[in-house]
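Peer 1: Based on the hints, put chain B in the right spot on chain A.
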Amino acid sequence: MDGTHGREADDEDPGGLDLHGTARLLVQTQRRAQRELDFRSPWLSLFAAAVVLVAFGAVWLSVRGQHPYKGPPAGDLAILYALLLIRIGTVVYAHRRAKAGVSGRSVTQERAEGVALVAALVAVYAMMAALANDGASDGVVYGVYVLTATLVVLGTFWAARSAVREEWLELGLAVTILLVAAGSAFAGPSGVWLSDGVGCCALLLAYSAAQAWRLRAARAGA
Amino acid sequence: MTIDALDPLIHVPARLQIAATLAALPDGDALSFTRLQDMLGLTPGNLITHLRKLEDARYVISEKTGNGPSSKTSVALTHRGRAALDAYTEALRELLNGL
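Read top to bottom, the protein sequences are chains A and B.
The first sequence runs contiguously to residue 222 in my numbering.
The second sequence runs contiguously to residue 99 in my numbering.
The set of hints was computed from the structure by calculation and includes no laboratory data.
Using N, Cα and C, we set each Cβ at its ideal position, and we do this for glycine too.
There may be inaccurate statements among the hints.
Simulated pairs of lysine to aspartate or glutamate, DMTMM-like, Cα-Cα distance not exceeding 20 Å [stated by the list, open to error]:
id	chain 1	residue 1	chain 2	residue 2
1	A	LYS99	B	GLU55
2	A	LYS99	B	ASP27
3	A	LYS99	B	GLU63
4	A	LYS70	A	ASP134
5	B	LYS72	B	GLU55
6	A	LYS99	A	GLU36
Rough simulated footprint, nothing fancy, chain A against chain B, three-plus residues with beta-carbon under 8 Å [unchecked claim]:
id	region
7	12-19
8	29-37
Here chain A stands alone, though its shape is the one from the complex:
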């Protein structure tokens, strides 16, 4: 790797690197370190786009003819949850791999953020139970509310996280997902699944392309 393998430890020679070689080594090392320490990747985003489209699409296909709205049958719900669990599993795996050996402030911050996110999601589902208890229709509780509120919480969390880290592309994605989720609520209990599925899938595809472009530009710059 970059001519440093096997170099003697007491070798103080810059290794015959000229200034251009030194600059190249510096940039390559920085890019590689950033890439290896970051769990996000275009492939992961592409997979998320596919999961969202298939999972939400499957639910929409099962509920689109319902009058009144009863919600997806157990089989389709199982597909939805299985796909979401696979998606969460891939993110957790990628995150653990990227953050292996990393300790310190950012790890503590991420744990605190995780607690806040879980608390917000628990609050969403507690409120869903309260709505059902108060007599709200199935269309509102198991259609519009559950999907919109979940996406709004996830989008807000990701937007705040990205803003703090000055990750503008991710901030743009999170804010747009928020807007898509809010707008999709007007599509009704069945249409919300299709609107969110197509909207989020398109946004994640665009994000994946932007990530790939950014990686290619970084490689070209190196």
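Peer 2: Structure of chain B alone, referenced to chain A:
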């Protein structure tokens, strides 16, 4: 400006890579010795020697936790080390612009 403007402590490929890799971490974070070794592909002895030199200059700080086989060593770039790498990068940029 001449090549002497480049910090000789960093102007060694292995140490430049160590500093650049640790600088990719957010401020306040550390990286385990084994992960750093894995990322750079250096032998343990080689890495220890280069880290010791950077530590002597207070560019990096290492912390050992635990005892025996379960002990772990974490390495982090100090503010001084980050500033030195920034100065090195700036000097390198000016030298390249002057060519």
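Peer 1: Honestly, which of those hints from before does the structure not fit?
Peer 2: As far as the earlier hints go, only 1 is violated by this structure.
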